[in-house]
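J.: Below are the chains, spelled out letter by letter.
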Amino acid sequence: MDRRKFLKLAGLSVTLAGGVPGFLNREVKARAYTPPPGALTARRWGMAIDVKKCWEEPNCNECIKACHHLHNVPDIPDKKREVKWIWKDEFEHVFPDKPNEFNNIIFTHKPFLLLCNHCEHPPCVRVCPTQATFKREDGIVMMDYHRCIGCRFCMAACPFGARSFNWVDPRPYIKDPNPKFPTRMKGVVEKCLFCYERLEKGKMPACVEACKKKALIFGDLEDEHSEIVQVLKSRFSIRRKSELGTGPSVFYLL
Amino acid sequence: MYNSDKVIPGIIIFVLFVTFPIWWNHGKSVAAPEPELPKKGRCVESKEYMRSHHMQLLNVWRNEAIRQGMRIYTSSDGARFWISLQNECMKCHNNKSKFCDRCHQFAAVEPYCWNCHIPPETKKFKAPKASRLLKLFGVPPVLHGSSQAESYGHAEH
Amino acid sequence: MFEKALVGSRKYWLWLAFLALLIFIGFLAFLAQLQYGLGITGMNRDVSWGFYVAQFTFLVGVAASGVMVVLPYYLHNHKVFGPVTVFGEFLAIAAVIMCLLFIIVDIGQTHRLFNVLLHPTPHSMLFYDMIVLNGYLALNVICGWAALHGEYKGTKYPKWVVPFIYLSIPWAFSIHTVTAFLYAGLPGRHFWLTAIMAPRFLASAFCSGPALLLIALLIAQKVSRFRVEPKAIDTLSKIITYALLTNIFFFGCELFTAFYSNIPGHKASLIYLFKGLEGHQEWVIFMWTAWLLMLGAALMLVIPPLRKNINTLVLACVMLFIGAWIDKGIGLLMGGFTPTPFETITPYRPTVPELLISLGIWAAGFFIMTVLFKIAVSVKEARAA
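Chains W, Y and X supply the protein sequences, listed in that same order.
Going by the working numbering, the first residue of the first sequence is number 1, and it counts up by one from there.
Going by the working numbering, the first residue of the second sequence is number 1001, and it counts up by one from there.
Going by the working numbering, the first residue of the third sequence is number 2001, and it counts up by one from there.
Okay, chain W solo, but in the shape it has when bound (with noise of 0.2 Å):
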């Protein structure tokens, strides 16, 4: 054999070698997958918040604790580095595109919660070089953190902050860990999910669930008849930075 048919065989092999993983999985595949019975589901999740009903108990932090514990979120001392999946801010910083000196006013040191905002068209998802972010059917911006390379492109597409980065193990950080929920590893992003994990076994987020004035509304957007349409048709609400063209499906109603 010369050198060039060497070469060549050599590269056939490679090729087909790469095909051996695929043959493997096959042999698996021969199982039947389905979806969970029972589980809720929607054409398009999307959350109301009720901003004035929040205000009403102004030093409440119901929804932020059940959810950071239920997902094992750490406590990250440096501010710099915390990771967070829902927190509170000032109007100022939530909407900045909507700069008004008298609203400033009004609405000093009245938090406005902050979550992902699953977007219709997310950024994250597009600039993402493995699909480890990725949009689910029912309008979830998922994250598969099996995936994730943490290039932290999607930190710097989203609009919203709403990405962490795991810049260190956050398992010391976690005090007391939530152990039906996996924890994060170092070098991966992360973020809300709007509780897929419930939604499976038919439940509502935990921050719906655990707030006591009712004011997270959590349902299809593109059902006429769910709580949340009727709500939003009803009332005046915003989104954030509505004008990217991102399609928030958070909304405050004000």
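The hints are simulated quantities; they were obtained by calculation from the structure and are not laboratory data.
Every value quoted in this text rests on a predicted model; they were computed, and no experiment measured them.
From the structure, some residues in chain W lie toward chain X, with a derived Cβ separation under 8 Å:
1. C128
2. A156
3. D169
Virtual Cβ for every residue (Gly too), placed ideally from N, Cα, C.
Once you've looked at the hints, dock chains Y and X against the given chain W.
T.: Chains Y and X in isolation, oriented as in the chain W frame:
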């Protein structure tokens, strides 16, 4: 041959180096691993299948569950299971160190499942370790600063 | 041909040993980063890309600039560039390898790097960046090595390499365009959301890259019997001048749009970089240094006697290289991430390990460049003798 005084010793050193695992371990025997199996119940598939294919099955499981939303697995004999490593597999195999680790250590594989999934026997996480390498570069092992729970303002304005 | 790299003067070996030491220190710092996570750097949740990505962006430009000597020679038969094309290609090889290394150290899950190949995603700009960068590396290895090997054997470059050379020319433009598209397509980052991002990238690349090449050629001339034709230096310096002026013009366009439109989001990043915002002035001194250096270099280069004088030419090249490096590296990144999506300011300062890793990668690039240039110079010396 040119330079045979260099080439031949070079070849000998190379051969010795690549066969290192063979002659280093020659004559030693290592006991076969004995993973502790659950006393009762059944696994999703046969023991033989799981032994040879659990990694492929878990890989398909995670893709189906996370990416397709297919949480229910119907095994080859028609039994149905909720797909979850941490909550389903480990319900029966309730000790990672006595089950998973025994074979994995023997086979010298380190799957990174447990970097995120919590083993049943873990109740608390350890504090971060200081290593010599981190000390060399003056990196403090623990992050410091104010806690996020205290206020909702920003660190810097 | 590679044997030429194995014989050299004491200085050559000392220089390589020095670079190897820097690489070793950088590698140790990288091991520490692998152990600890990217928290070892100064990056944070608001400034989520920092020094590494800044170096990557700048070096893509240096890599692309190889085309500035290849194009005139192969497309316009500009003969004086004949002997220097291979240096342009070798510079590109070193620069692309540095780019790839900076990406490797920047990602959080290093061992999952090949997920990019395993799950190809055509809607991500990083997917195209991976293709164009690796393709460009391959093209320059093929073209540079084949051309030099022809010279080594005393023949012209082989015919089969011609299509690759022609392909490498648009390809050089593509690598920097795609790199600009990484930034220019993101909603909500006003500083990056500009249609002239790619043209700006190319303009700054085509002055800073050839400036580095020119300095490297003059060093090669000093330490060997290899000679560059003065006419080649002259043409190269004109290319640098025009590219630098274009770069300055484009920046002026950005300033006009931001400040005449008076849109706060478009102004904020520029104000932060050049004047400081809400008491934060982290990069003001750097940005003014960068632009004063570039403006000074431009002034020197447009005055013919200063451009033709080798000492002032080298000084201008060093000035504009440093200027472009600050502006397009860290300036671009900090401007993009400041203000944050919440219109707040989170400062960023690279840490010592972060800088050591970066220095190690730069050393690796110079190591590769030195070895490749040594081979090329030796081959040319042997031909001349």
